[in-house]
Structures are given as structure tokens and as C-alpha cells.
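Use the sequences and the hints to build the structure in full.
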Amino acid sequence: MKTNLKFLILIVPLLFVYQSVLAQTLVKGCVADKRTGEPLPSVNVYVKDSYDGTITGPDGCYELSVQSDSDFILVFSFVGYQSIEKTVLPTENITLDIELKESITNLNAVTITAGSFEAGDKKRAAVMDPMDIYTTAGSLGDIGTALKTLPGTQVSPDDGRLLVRGGDASETRVLMDGVLAAKPYYSKIPDLPTRGRFSPSLFEGTFFSTGGYSAEFGQALSSVLILESQDVAVEELTSLSLMSIGGELARTWVGSNRSFSATGGYFNFSPYNSLVKNHIDWEEDVEAFNANINYRQKGEKGGLFKLFASGDYGGQSFKVPDGSGDILTIDETGGNVYVNSTYHHSLTDKTLMKLGVSYTYDDQDFQAGIHNQQTAERVTEGKVKLISQLENGFKITYGGAWQKTLFDQTYRQTESGFLINTNFSDDLLSGFAEAEWRLNSRIAFRPGLRFEHSSQSDEQLFSPRVAMAISTGENTTLSMAWGHFFQSAQSDFLKYNRNINMQKAEHFILGLQSGSLATRLFRVEAYYKDYSKLITGEYNDFGEFVPFENSGNGYAKGVDFFYRDKTLIKNTDFWVSYSFINSERKFLDYTEKVTPEFISPHTFSFVAKHFVSPIRSQIGLTWMWNSGRPYHIPGDDEFMGHTSPNYSDLGANLSYLTSLFGQFTIVHFSMSNVLGRKNILGYRRVALSGDDGNASLITLRPDVEQFMFLGVFISIN
Amino acid sequence: MKTLVILIMVSMISYSSFSEDFESTMKQTITEMYHSQNAQKLENIAGKFYRIGQAEKDNWLPYYYAAYSYVSITYLLDDGDAIDSYLDKAQPMLDKAIELNPDESENYVLQGLIHSMRITNPMRGMKYSALSNEALEKAEKLNPENPRLWLCKAQNIFYTPSMFGGGAVKAKPVYEKAAELFDTFEPSNALWPGWGEELTTSQLASMSE
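Chains as they are written, first to last, in the working numbering: chain A, 1 to 717; chain B, 1 to 209.
Calculated directly from the structure, the hints in this document are not laboratory data.
Glycine included, every Cβ here is placed at the ideal spot set by N, Cα and C.
Hints should not be assumed to be uniformly reliable.
As the list claims (entries may be wrong) - With a straight-line cut-off of 16 Å between C-alpha atoms, the simulated EDC-like cross-links for lysine to aspartate or glutamate are:
{"#": "1", "chain 1": "B", "residue 1": "127", "chain 2": "A", "residue 2": "231"}
{"#": "2", "chain 1": "B", "residue 1": "127", "chain 2": "A", "residue 2": "204"}
{"#": "3", "chain 1": "A", "residue 1": "48", "chain 2": "B", "residue 2": "56"}
{"#": "4", "chain 1": "A", "residue 1": "301", "chain 2": "A", "residue 2": "349"}
{"#": "5", "chain 1": "A", "residue 1": "570", "chain 2": "B", "residue 2": "78"}
{"#": "6", "chain 1": "A", "residue 1": "566", "chain 2": "B", "residue 2": "81"}
{"#": "7", "chain 1": "A", "residue 1": "301", "chain 2": "B", "residue 2": "99"}
{"#": "8", "chain 1": "A", "residue 1": "586", "chain 2": "A", "residue 2": "549"}
{"#": "9", "chain 1": "A", "residue 1": "566", "chain 2": "B", "residue 2": "56"}
{"#": "10", "chain 1": "B", "residue 1": "57", "chain 2": "A", "residue 2": "49"}
{"#": "11", "chain 1": "B", "residue 1": "138", "chain 2": "A", "residue 2": "235"}
{"#": "12", "chain 1": "A", "residue 1": "570", "chain 2": "B", "residue 2": "81"}
{"#": "13", "chain 1": "B", "residue 1": "127", "chain 2": "A", "residue 2": "235"}
Unchecked claim - Stretch-level coverage of chain A by chain B, calculated; a stretch enters the list once three of its residues show a Cβ under 8 Å from a Cβ in chain B:
{"#": "14", "region": "45-54"}
{"#": "15", "region": "655-666"}
Written out as C-alpha cells, the structure is:
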């Protein structure tokens with residue numbers, strides 16, 4: 001023992017001596033991004049399992065002296081990049097230049113942007129923030145209206161729904177958390193704009209595709225809009241909204257890993273209508289009740305359960321000219337119930353399962369003069385989706401859905417008692433598989449295939465889809481998309497003729513996006529769309545469309561531009577959209593292939609938001625302009641030979657952040673058509689008694705020339 | 001036998017020298033960090049904490065300090081995008097610290113601080129103040145006696161405009177509570193986070209003026 005201790009006394013100084021004579025190696029070099037060749041500053045360069053190291057300077061270069069007699073391993077590590085290890089032999093001086101490769105899972109990976117507009121917080125392809133939907137002047141908190149400031153959409157102030165790249169309003173499908181929302185808008189009354197059913201505060205992200213979308217989505221010829229609902233709430237909150245047209249009260253309760261909220265609202269336009277000049281002759285003003293509940297629960301390993309249920313009931317009644325000099329009273333009441341529930345669960349480390357169900361029940365009672373129509377529609381969808389990350393850079397998504405539609409309508413003539421009932425049901429089965437393959441962080445390739453079977457039309461259809469993106473420089477992406485898209489006839493058509501097949505569209509898209517949402521972003525996209533098997537037929541005595549066959553066709557081609565800048569002017573964020581479209585189709589009762597009446601060849605919009613810090617206010621301006629739309633005067637030799645005047649609307653809003661009774665409050669004032677321009681949107685032809693010679697034109701004007709909205713939104717913690 | 005003893009001895013010596021090295025290196029780097037007012041220097045220090053973390057493998061403190069070093073840089077900046085870019089570096093470091101020690105109150109205080117630092121414009125206020133308060137609540141559950149927790153709470157109140165329920169008057173008693181706890185706070189070890197006392201004192205001093 002004694003000897004051992006002695007030995008120890010001997011060895012300890014030896015160790016120190018040993019260390020002090022270690023050889024010194026000077027390593028230096030520069031670190032760059034493998035793809036761009038740009039120098040990478042702040043990369044950690046260190047000797048493995050030791051504290052020795054340094055970081056690269058602003059020029060991406062480093063210098064490190066290491067004391068070691070044997071080989072050592074040098075690690076180069078940087079957030080978002082794959083680390084590199086190099087074995088270094090102890091010599092005097094060596095130069096080691098390193099190129100680091102981006103990790104593909106990283107946010108920097110190229111994203112396929114063809115056709116799609118995202119509003120999200122951290123998404124690369126995002127062109128809008130979730131807040132934009134609230135703060136865009138003229139949108140009045142309506143998701144669809146805010147999206148109309150993006151290119152590829154028509155202004156269509158007499159509709160309110162989304163009309164995308166030559167498609168009519170029925171060609172856009174709306175989904176909540178990936179599952180169908182069959183009636184996303186309040187019921188549409190001819191010539192009056194409708195609004196979305198869902199408040200933007202329910203959602204934290206929006207994905208709006210103007211074409212070329214994934215094989216996961218079908219039954220839409222033109223566009224899909226996917227609303228992503230909020231996750232588990234983190235803060236207990238009561239909020240009260242008082243508006244010139246009604247009020248809403250909401251309350252959120254928070255538990256551990258779960259939250260529940262309930263909202264109730266009442267809207268009545270009568271005080272408003274009595275104050276503002278309005279060209280509609282109201283019998284009973286718009287009045288509506290709505291309520292919704294929301295439950296979210298987090299599970300283990302990223303599991304998430306969501307349940308949303310909403311209901312509303314309302315009605316309105318007004319008088320319109322019927323075209324023949326008489327006055328027609330229109331009376332409409334209706335109710336709607338919507339339930340949406342989803343569940344996400346990780347099956348394995350690499351596979352995520354998403355289950356979803358939705359149920360829509362819509363009931364409408366519509367009276368126009370002596371005609372009464374009662375419609376009940378029930379749509380249910382169940383969907384399974386699996387996402388498997390097979391290896392870094394290769395992902396497959398697959399799944400299937402079943403959609404059942406039940407339609408029942410009774411038409412009655414109030415005087416004669418004449419009555420017809422029509423009803424039908426359709427089972428639509430679909431399946432899809434899609435791969436997303438990232439060769440490296442520069443190239444992404446997404447081939448997919450979709451299958452659809454409709455029991456109504458007894459068709460089995462396959463739609464192939466392909467999309468790809470190539471990153472051509474820092475923050476610059478070139479995207480392409482191609483695909484086949486099918487859509488069944490709408491229920492209103494199918495009730496007259498069950499032998500109608502699905503309509504088809506083929507999309508070709510080529511786009512370029514450069515920059516980022518945080519600073520400035522530019523996007524240009526060209527597309528060509530080929531429509532075939534469009535539905536043709538004629539209007540019957542009640543002004544309803546009766547389809548005969550799928551012999552129509554058409555095309556739409558155009559270019560969309562988008563530019564957004566947050567840095568050019570201090571505290572100001574603005575964007576500019578311009579769309580050019582050339583589209584013709586032969587469908588419905590068209591006698592020739594012409595530009596349809598809902599298409600304006602040129603559409604321009606400008607949105608600006610300026611934050612004034614000293615008065616804690618945001619001022620917003622939105623200008624929307626479109627060139628005239630075609631219309632037809634019955635009896636003319638040339639079909640759709642006339643063009644309506646151009647449309648222009650300048651809207652302004654002001655949001656003021658303040659407090660009321662010590663609670664966070666936003667006062668919002670918004671006004672449309674500030675300049676008081678008398679817009680004519682177009683003309684609608686009305687065939688009386690089905691006789692072309694005995695028809696007339698109705699001038700379409702905005703229902704309210706200038707809309708003013710005042711709202712006070714209080715959040716109580 | 002002899003060789004075995006030597007081997008054990010040598011390994012013990014190198015181990016103890018290693019762990020002493022950890023303590024002294026950490027102490028020295030922590031002191032350096034508290035005294036740095038320069039972004040490049042703080043970035044170097046964050047890099048060093050990260051290296052220590054990588055070498056030690058299972059200690060949360062180096063990653064905690066790496067995150068705090070990046071947060072310190074944001075105190076020197078005005079530009080919202082630049083602040084975001086450093087907070088984006090701080091977050092993965094803190095995630096690592098939380099992964100290694102998920103029940104440590106200090107980690108959630110720092111998380112709360114990172115969220116509040118993201119409020120670079122009033123439009124972000126609603127979202128990030130809710131996230132910050134959520135993290136601070138978690139920190140309070142784990143250790144209600146943590147003085148930094150009360151300092152961060154006080155700061156959140158202080159920088160909320162008085163019309164939204166914030167302001168100096170409401171923040172003052174919370175600062176006082178933080179000051180009281182700083183007086184009695186016993187760090188668990190020599191490397192324990194120690195920031196915040198000075199700021200508490202100076203904030204209280206500026207209020208009594």
C-alpha cells in the first residue's frame with residue numbers, strides 16, 4: 001500500500017508535466033452552406049467530448065488551437081444543419097474548410113407553393129398572418145372576403161363566396177381540420193352577398209389553394225380552403241363583442257391539457273337598416289341566433305382530440321322587382337347544425353393517424369311569391385388519414401373517406417296547392433395515396449393518386465396529381481403542379497336528373513415565389529385549366545336549372561401576381577394583387593362557348609395597414625377594382641355580347657386598442673365604398689314563362705352602397 | 001494488481017480533475033456572461049456553454065446558460081427580426097435543458113422570459129403574453145419561492161399598459177415580493193442561476209423616485 005501511495009505521489013506531478021508538453025495544433029478554416037456557398041457565422045467548432053472550441057466569425061471563419069498528442073475529433077455543429085465530425089492528426093498547422101448541409105426536416109426545406117396560399121405563423125409558404133383576416137379593411141372579419149384580396153379570385157361583391165380561377169362558387173370545397181364543412185356559408189339569396197359561417201377567431205391557420213392541390217382533396221374543380229382550428233387554449237377568457245349589427249359573448253375554461261369554450265350570439269340588422277340608405281326594401285330585417293362549443297384535449301405522445309359543434313337559426317324577408325314590373329316578396333328562414341370532431345394519434349414513432357368525422361344538417365324554407373321550397377340536406381363525412389415518415393426526406397400520406405349526402409326537397413305552390421317532392425342519396429367513397437419525396441433540401445417531388453366512386457352516378461374515377469418544387473436560390477422557389485380533378489353535380493341539379501356524371505378539370509400550374517413574409521414577398525403564377533364534361537341543360541318555369549347531360553366544356557388561363565412588403569415604409573404593411581384571366585365555357589343553358597357572366601378579365605386589389613404607435617391604432621385601406629363582366633340581353637343576336645361597367649371599391653378601417661373597465665378592448669370601425677361610388681355589378685336576365693322573347697334584365701347593385709360597421713370587442717381575463 | 005490500482009487511480013484523478021474543470025469553467029463562463037455587453041462576445045459564450053453541455057451530456061445547466069446568453073443578446077437590440085433570430089437560437093437550447101430537467105422551475109421562468117421578449121409589436125401582445133403567463137404559472141407550481149419568477153411576473157405587469165391592467169403601480173408589490181425572496185434565496189449549488197436581483201433593485205429604486 002505504501003508503495004502504491006508513493007507511486008501515486010510520483011504519478012500526479014508526472015501527469016501535469018505530461019499535459020504541459022502536449023503538442024499544439026492550430027486548426028483554421030471557413031464554414032459555408034453546402035448548397036448556397038454562403039459563409040455560416042456562429043457555427044460551433046469544438047473538440048469532441050471536451051470544452052475546447054470556438055465559433056465562426058461573421059465571415060464564417062474560425063481559428064482553434066488544440067493541445068493533443070493523439071488524434072482528436074473536431075465537431076462542426078449549427079442549428080438546422082447536419083453536424084460534421086473530422087478526425088485531425090496532431091500536426092503543426094492545418095486548414096480545414098467545411099461545408100455543412102441543411103437538415104431536411106428543418107423549416108428551411110423547400111415547400112411546394114404552386115397554387116397555394118397559407119396563413120400561418122411559422123409556415124414557409126405563408127403569405128398571410130392569421131391576424132390579417134381581422135385587420136384587412138372591408139373584410140369585416142369574414143375569412144372569404146379577406147382571401148379575395150389574394151390573386152386568382154374574383155371580387156364578386158354580389159356573391160360573397162370564393163370564385164377561383166374561372167371556377168364558379170360551387171367549385172371551391174371548404175374543410176375544417178381536413179374534414180368536410182358542407183355548408184360553410186349562410187344560405188345564399190340571389191344577388192345578395194353571403195358570409196362565411198365560421199368566425200376567424202376559431203382558427204389559427206388557413207390553407208387556401210387556387211389549384212393543383214394534393215390528392216388528399218377531391219370533389220372540387222377549382223379550389224380548396226382548409227381551416228385549421230385552434231389547439232388547446234392556454235388562457236381563461238371571457239370576451240364580449242358589441243357590434244352595430246348584434247352581439248356575441250364567449251367564455252373559455254382551461255384545465256390541464258384541455259380547454260372548453262362556448263359562444264353565443266344574436267344579430268339583428270333592423271337598427272342598422274333604419275339608419276343607412278339601402279336599396280333593398282326590407283319586410284323583415286335579417287335576424288339570426290348562433291351558438292357554438294369547442295372542446296380540446298391533449299393526450300400522450302402528441303395525441304389530440306377536438307370537438308366543435310355549432311348551430312344557427314335565422315331569417316329575412318324583403319321585396320324585389322320580379323322583372324315584369326311586379327313586386328315579389330322573398331321570405332327565407334333556415335337553420336343549420338354542424339359537428340366536426342378529429343383525433344390525432346401516433347401509431348408508431350414514424351406513423352401518425354388522423355381520424356375525422358363531420359356532420360352537417362341544413363334546413364331552408366324559401367318563399368318567393370307563390371312558390372315555396374323546403375329543403376333539408378344532411379351530409380356526413382368520415383375520414384382516415386395516415387402519415388408515415390419512412391426515412392429522412394421520404395414521407396407517404398394515404399387514407400380514405402366516405403361521404404353520405406341525403407337530400408330532400410318539397411316544392412309547393414301556395415295558391416294551387418301543387419306539390420312535388422324530390423329526394424336522393426349519394427354515397428361517395430374515396431381513397432388516396434401520395435408520396436412526398438425530398439431529394440435534398442432543394443428539390444421536393446409529390447406524386448399522388450386519388451380514387452373516387454359515387455353511388456349516384458355509378459362512376460369510378462382515378463385522378464393522378466403531381467407537384468414539385470425546386471429552390472433556385474435563397475428564398476426563391478420554382479413550383480409546378482398538374483392534376484385531374486372531379487366533382488359531382490350539386491344537389492340542386494341532381495334532384496332533376498340523376499343520370500348526370502362528374503365534371504372534370506385538368507390543371508397546369510407554373511409559379512415562382514421569392515422573398516419571405518417577414519420582409520417582402522413576390523409571387524407570380526401562370527396557369528391553364530381545361531374543363532370537360534360540364535353540365536348542360538336549361539332553366540325551367542320556376543327559374544331552376546334542369547340538367548340534361550355532360551356535354552359542356554371550357555378553359556381558363558391566366559397569370560396571377562402578388563407582392564407584399566413590410567419593410568419599405570416604416571410601420572406599414574401592404575400588398576398588391578393583380579390577376580388576369582381569359583376564360584370561356586359552354587355550360588348550363590349557354591348557347592355558345594363564351595366568357596361566363598361571373599368572370600372579370602382584370603382584377604386588382606391593394607391592401608395597406610399602418611400602425612400608429614402613439615395612438616395605439618391600426619389604420620387600414622383596401623382598394624378592389626375589376627373590369628366589367630359580360631352579360632346577355634335576351635333577344636340579342638350575339639350571346640353575352642355586352643360588358644358591365646368596371647367595379648371599384650375603396651374601404652377603410654380603424655382599430656383602436658384601449659381598455660374599458662380595465663379590460664383589453666379593441667374598438668373597430670369599418671366603412672366600405674368610402675368614395676360613395678355607384679357601382680353596377682352586372683345584369684341578370686330573367687326568363688319569364690321560359691320564353692326568351694318575354695324576358696327582362698335585373699340590374700345588380702351592391703345591397704348597401706356604403707356599409708358602416710362599429711364594433712367593440714372586450715376580453716375579460 | 002499494481003497496474004489495476006494505477007488504472008483506477010489515474011481514472012479517478014482524471015475524473016475529479018474533469019469535474020472540477022466543469023465547475024471552474026462554468027463559474028468563469030457564467031461570470032463572463034453576466035459582464036458582457038457585446039453581442040459577438042455573448043454569442044461566443046453561448047457557444048461555449050453549448051460545448052460544455054455536449055461534453056457533459058446530462059447536465060441541464062450549460063444548456064440553460066446557453067439559452068440565457070442568447071436572451072441577453074436581445075437586451076442589446078431594437079430590431080424585431082434580429083430579436084426573433086436570437087430567440088430562435090435560445091429556444092432549442094432551453095428545450096434541451098427542459099428535456100434534461102423537466103421539473104425545474106428556473107427553466108420555465110426562462111421560457112416565460114423568452115415568450116415576453118417576443119412581444120416586439122403590440123399585435124403580438126395577446127398571444128405571447130398568454131404563453132409567457134402559462135410558462136410562469138408552471139414555474140410557480142414547481143417552486144413558488146423562486147425570486148426570478150416574481151421578477152418576470154413583475155416585468156410582464158410593468159410593461160403592460162396600465163389601461164390593460166398593467167403598469168408601475170400594479171407591478172410594484174410584485175417587485176417587492178421578488179426583492180424579499182432574493183434576500184432569502186439559497187442557491188442549490190454554486191452554479192445556480194443568479195440573475196435578476198440587480199434589475200429588481202433598480203426597478204424598485206426608479207419607482208420610489
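Against the structure, the hints:
no., hint, in the structure
1, B:127 / A:231, "holds, 13 Å"
2, B:127 / A:204, "holds, 11 Å"
3, A:48 / B:56, "holds, 11 Å"
4, A:301 / A:349, "holds, 9 Å"
5, A:570 / B:78, "holds, 14 Å"
6, A:566 / B:81, "holds, 12 Å"
7, A:301 / B:99, "holds, 14 Å"
8, A:586 / A:549, "holds, 12 Å"
9, A:566 / B:56, "violated, 44 Å"
10, B:57 / A:49, "holds, 9 Å"
11, B:138 / A:235, "holds, 13 Å"
12, A:570 / B:81, "holds, 14 Å"
13, B:127 / A:235, "holds, 10 Å"
14, 45-54, "holds (count 7)"
15, 655-666, "holds (count 6)"
Violated hint for the displayed structure: number 9, the only one.
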